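Asks: Fit chain B to the supplied structure of chain A, relying on the hints for placement.
Number of protein chains: 2
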Amino acid sequence: MSRIYIEQLHEVAGQQVTLHGWLYNKRSSGKIRFLVMRDGTGFVQGVIAKGAVSEEVFARFDELTQESAFTMTGTVRAEKRSPGGFELDVTDLTILHIAHEYPITPKEHGTDFLMDRRHLWLRSSRQHAILRVRHQVIKSIREFFDGRGFTLVDAPIFTPAACEGTSTLFETKYFDLGSAYLTQSGQLYGEAGAMAFGKVYVFGPTFRAEKSKTRRHLTEFWMVEPEVAFNDLSDNMDLAEAMLEHVVQSCLKDRAAELKLLERNTAMLENVKAPLPRITYDEAVEILHKNGIAFEWGNDLGGTDETVVSQQFDRPVMVHRYPAEVKAFYMKRDPQNPKVALAVDVLAPEGYGEIIGGSQREDDFDALLGRIKEHNLPQSAFDWYLDLRRYGSVPHAGFGLGIERTVSWICGLDHLREAIPFPRMIYRLTP
Amino acid sequence: MSRIYIEQLHEVAGQQVTLHGWLYNKRSSGKIRFLVMRDGTGFVQGVIAKGAVSEEVFARFDELTQESAFTMTGTVRAEKRSPGGFELDVTDLTILHIAHEYPITPKEHGTDFLMDRRHLWLRSSRQHAILRVRHQVIKSIREFFDGRGFTLVDAPIFTPAACEGTSTLFETKYFDLGSAYLTQSGQLYGEAGAMAFGKVYVFGPTFRAEKSKTRRHLTEFWMVEPEVAFNDLSDNMDLAEAMLEHVVQSCLKDRAAELKLLERNTAMLENVKAPLPRITYDEAVEILHKNGIAFEWGNDLGGTDETVVSQQFDRPVMVHRYPAEVKAFYMKRDPQNPKVALAVDVLAPEGYGEIIGGSQREDDFDALLGRIKEHNLPQSAFDWYLDLRRYGSVPHAGFGLGIERTVSWICGLDHLREAIPFPRMIYRLTP
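Going down the list, the protein sequences come from chains A and B.
Here the first sequence is numbered in this note's numbering, starting from 946 and rising by one per residue.
Here the second sequence is numbered in this note's numbering, starting from 946 and rising by one per residue.
Hints in this document: simulated from the structure, not taken from any laboratory.
In this text the structure is predicted, and so the values were computed from the model without any measurement.
You can take every hint at face value.
Identical copies go unnamed one by one, so any copy, or any two together, can satisfy a pair.
In silico lysine-lysine, DSBU-like type, Cα no more than 30 Å apart, as pairs:
#	residue 1	residue 2
1	Lys1198	Lys1084
2	Lys1084	Lys1218
3	Lys1235	Lys1272
So here's chain A without its partners, still in its complex pose (with noise of 0.2 Å):
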């Protein structure tokens, strides 16, 4: 028979079952016990009244401490008021190991003290629906493109040339071939596995030597990348408004008890639907003239200027068309006017910043070539790059969504440090 878990008590009702878990907490009433065991997927009650069980049964209630191992056996109660809909009325109890006393209590820690423990503060409630959401995030980002016919291309975390310089790069010895340098974009790779497989997605950790301290940075995060022959800006911003879309009902559906844990407002994650408001780089310099912003024509949007602009907003907004000089040099630019790139970035709402940053690509061989030149980056690393633009070179865009800086919008959090399971950061390298 296969065991029991606390998530699938619905499925047991009024029978006798016996859970394996943890305790979470207890406390006594006059003759009763009660007590909270977690087994990872949900947390029940368990009720032992003197007398129902033996002397023996009801001592070791008393010796459980707080993250102690047991197995409890008994019948499944439908009860309104428990937060699972369930309690166990406890016929059995089983100690299969006694914590030491258990650092994290409910009193008030210091983050760092919760980040030294991470491995135990994964267990805590709210660290707990979290990762779930994270999971719930990756598991519908995968299905919405498998769903649609593209391909997981995945990109080498190993890259050779340092294209843009070495600052923001981790490099390691790599045998006698000298260095490598931890990747911080599959899109290249994407764009390439593009033209193979017509739609893909990259699906990796990157990496980001940056000396930031800020609550928005990690040094190592996950990014989805998906990429699609003959998709322009437009193509692009229909996929990345219904992968939005998606991913954030998947988690209202299937994630609503771990956001109502988390007391997120749901109400802004409920207007994630297509299609979301499109504006101009030039509209958004707008916006930021009137709310006395003094943003100059040219500049790329910082922090402040992207959450003024998203507050006009009870949604994510697509903001396209930046100048050129501030994006990536494979970006194509507007024919319409060569001053802007055909990029999009996508805003979140309630101050979470750009979640999505993406673009039709340069397909052109010469003025890809000449972008090259004119940012002093070495042809000869990029030689592989151009010969997509000399086989077949076809329009394509793509965009890059990072996954931590989206599971902290959906749940609400201050920093994005909770929204992967062992954070790294400019000063965190353990556990």
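Replies: Relative to the frame of chain A, chain B by itself:
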């Protein structure tokens, strides 16, 4: 209207469609021109009859070189002799980009030549098929675990201490914290996850700086590592065989065309159904002796030994209870016989060797600490890991499955390098 891809032609038989893609090859026969377009989802033949199209369109056929990008419009016609079941009677053709002379031709090329052009080689039907099988393997693994209530726990890529010597670790400078090492396995983090979520899987790239040039080594490869609280070795083997069955049967079902193109004899793959044979290490040694191999009890099985053992079976075989000395420090000893560890390796048939390695983990604090000391490992680096035995320690088990080895086996490849889009080996870091 959404774009039509070649794999969707069966939905639009008899209708007029426009396809976007690249020229795979072409030929003439009297007044008829044939061209094969690939669009990343499949291949389809277009038929152009002189007189049915304008002279101009007919002339464009001559212009098209291998890998040139074009669109063709025409009527979808069922054609039994065609591999995909359909052909297109072309009424219009537009050239998007004429490719330079394509370097990869139907003639034989050396592996280095092809690997240097990996970004183009991906377009060849064989590489295309392999990587679609890879996608299926990854998709079916995630489906398997997601469908069984597992939570995805991404382990960190940057890890702090060099556990067992630095010789096979990639190292990178990490700000003021000294060095970070690229992960070789997410297992220890998976164990922390299992204590928080009950059932988890880690899925990501792992790294080994082995100076090995064999066909079975990559410096960067992907692994899935499930870990389950309350599972023992036997449960672990149940999980491994159920997962293998799901993955292989899913490839046979959904990637039949690709396996056919690869000329894979699928007889032994059809056999991958639970239960799989389970033998002890002792029984494996007996098999070796019966086959005239002078194998000494206590050694680890080498590649040849694995091949000899696996040749006795027409499906994967699980070998369990290895001598503890040749296995990792964290593996639990068999209470019945402390000389052996509760480890299991799964050997693929047809000489593909180990695809899974796993074990029940040591859950006793004192035993684990003793093992860490015996192996001269720095205790401070494992203090967080020991915490998992301080606070509610329970039996648990897990395993790791190498993605490239699995893809290589399912596709029947000679070398792991074809089982990943952009392979990294001791002598290869490009493109």
